[in-house]
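Top line first, the protein sequences correspond to chains A and B.
Just so we're aligned, residue 2 is where the first sequence starts under my numbering, counting upward by one.
Just so we're aligned, residue 250 is where the second sequence starts under my numbering, counting upward by one.
Don't take each hint at face value.
[What the hints assert, rightly or not] Counterexamples of contact, computed for chain B against chain A with all Cβ distances above 10 Å:
id	residue
1	L321
2	L322
3	E373
4	A389
[Stated by the list, open to error] To be clear about the criterion: a stretch of chain B counts as covered by chain A if any three or more of its residues have a C-beta under 8 Å from a C-beta of chain A, and this derived list gives those stretches:
id	stretch
5	276-283
6	338-346
[Unchecked claim] Here are the computed lysine to aspartate or glutamate pairs in the DMTMM-like style, where the Cα-Cα straight-line distance is at most 20 Å:
id	chain 1	residue 1	chain 2	residue 2
7	B	K361	B	D399
8	B	K253	A	D6
9	A	K25	B	D370
10	B	K253	A	D48
11	A	K25	B	E393
12	A	K54	B	E283
13	B	K298	B	D370
Since the hints were derived computationally from the structure, they do not count as laboratory data.
Glycine included, every Cβ here is placed at the ideal spot set by N, Cα and C.
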Amino acid sequence: MANFDQELDASGLNCPLPILRAKKALAALESGKVLRIIATDPGSVKDFDSFAKQTGNTLLESGEENGKFVFLIRKA
Amino acid sequence: MSQKKLAIIATKGTLDWGYPPFILASTAAALGYEVQVFFSFYGLKLLQKNLDLKVSSLGNPGMPMPIPMPVLLQALPGMQALMTMMMKQKMKAKGVASLEELRNLCVEAEVKMIACQMTVDLFEFNPKDFIPGVELGGAATFFEFAGESDICLYL
Numbered sequence: 002m003a004n005f006d007q008e009l010d011a012s013g014l015n016c017p018l019p020i021l022r023a024k025k026a027l028a029a030l031e032s033g034k035v036l037r038i039i040a041t042d043p044g045s046v047k048d049f050d051s052f053a054k055q056t057g058n059t060l061l062e063s064g065e066e067n068g069k070f071v072f073l074i075r076k077a
Numbered sequence: 250m251s252q253k254k255l256a257i258i259a260t261k262g263t264l265d266w267g268y269p270p271f272i273l274a275s276t277a278a279a280l281g282y283e284v285q286v287f288f289s290f291y292g293l294k295l296l297q298k299n300l301d302l303k304v305s306s307l308g309n310p311g312m313p314m315p316i317p318m319p320v321l322l323q324a325l326p327g328m329q330a331l332m333t334m335m336m337k338q339k340m341k342a343k344g345v346a347s348l349e350e351l352r353n354l355c356v357e358a359e360v361k362m363i364a365c366q367m368t369v370d371l372f373e374f375n376p377k378d379f380i381p382g383v384e385l386g387g388a389a390t391f392f393e394f395a396g397e398s399d400i401c402l403y404l
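Okay, chain B solo, but in the shape it has when bound (with noise of 0.2 Å):
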């Protein structure tokens, strides 16, 4: 049986859509697939050492809130820093790993992860702030391993 193949791209920099991408490239690591997972836009973010994600109700009306409130009140200053510290807690309370554990978990399980060298540049990441391992890539790196994969996503 020759090794599956996951590829991710993963665009999103804030703590609820940080997941997505970890989560299933560690289960997935775990389940005997090679995986590489290619970052882009905002989810360059992800592979800061320093991972300091938010989350912000704003512009996502799905977002379960504990009291309602109206979008108005949503925008004040320091409110994105406290539905940051609930998510926290909630994620804590109920057993949900940290994205940093999730992360360790993939670098563990050789996860390959990729920067891209545009949005790096665009966005002036500095590549020296990125977790070890990390390499840079563009769109064609992606397709190399991503279309032999037998499953790709866009997160």
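Next comes chain A alone, as it looks inside the complex (with noise of 0.2 Å):
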């Protein structure tokens, strides 16, 4: 995994948390640093895949790591 600058644990939080919280974080960064996230709901593949899409932030990865998911978002 690249590196990040900040992490955010959403485990065990379901949708929406994940991305709510995620937003939150990414708020709080300055342009072009990295976010990595950890969640567990299944859901936020989809989810952190349309988020950055729609909010123009850039999924760098988006993974699985000891059976969480894991994904590194780039602030715009």
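Grab the two chains, each in its own frame, and use the hints to assemble them into the complex.
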């Protein structure tokens, strides 16, 4: 996994909380910084893809690690 | 890119049906939408500071039950409270946000909430019992925003 500036653990949270928490975390970051998100909600895989497309932030990576979903999003 | 708009009419005041308006409003706001929710009839209960919502299986044969139960039993005193408690426990166990949390996220995201004046008067709701920031308005108020919206939902 690539480098990141901040991490958000959304494990155990269900739709739409991982997205809402990520949005909040991104708002506090400067443009170009990377947020790493860990989630257990299987729906979050498609949701973070859609979130990135609609908000202009870049989804750098989307994958699985130790049975959890991990995303890297760079703030636009 | 101009900001997209989502308009919602929320008409239901049960614990389960309280979710869709707040889930969609908060998510849309996170995606950059400007959102307005118009609360009418039983949806007004979603605006009260003290959210005391119940869920009932009566009249809802689609509700999954832990054990099969005849409708007549579901109507017994205390059953509604029991179902509500069970639903809340299940939601907590599955990591589903509480309605209060989702509503707070909507407020933080500046989702505009409008209480229908006619039904506030009809059911004698006290606007002082509503969370701060709620405005009162009528059908024409709703259309002012809904007419310009990209998505419009009746829930």
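Results of checking the hints against the structure:
1. L321: holds, 34 Å
2. L322: Non-interface label on L322(B) holds, nearest chain A Cβ at 30 Å vs cutoff 10 Å.
3. E373: Since the minimum Cβ distance to chain A is about 34 Å, E373(B) lies beyond 10 Å and the statement holds.
4. A389: holds, 31 Å
5. 276-283: holds (count 4)
6. 338-346: Coverage by chain A holds here, the residue count being 4 at a Cβ distance below 8 Å.
7. K361(B) - D399(B): holds, 16 Å
8. K253(B) - D6(A): Not satisfied, since the Cα-Cα distance of roughly 30 Å exceeds 20 Å.
9. K25(A) - D370(B): violated, 37 Å
10. K253(B) - D48(A): Holds, because 18 Å separates the two Cα atoms, which is no more than 20 Å.
11. K25(A) - E393(B): With a Cα-Cα distance of about 30 Å, the restraint between K25(A) and E393(B) is violated, given a limit of 20 Å.
12. K54(A) - E283(B): Given that 20 Å is the threshold and the Cα spacing comes to 17 Å, the pair holds.
13. K298(B) - D370(B): Given that 20 Å is the threshold and the Cα spacing comes to 18 Å, the pair holds.
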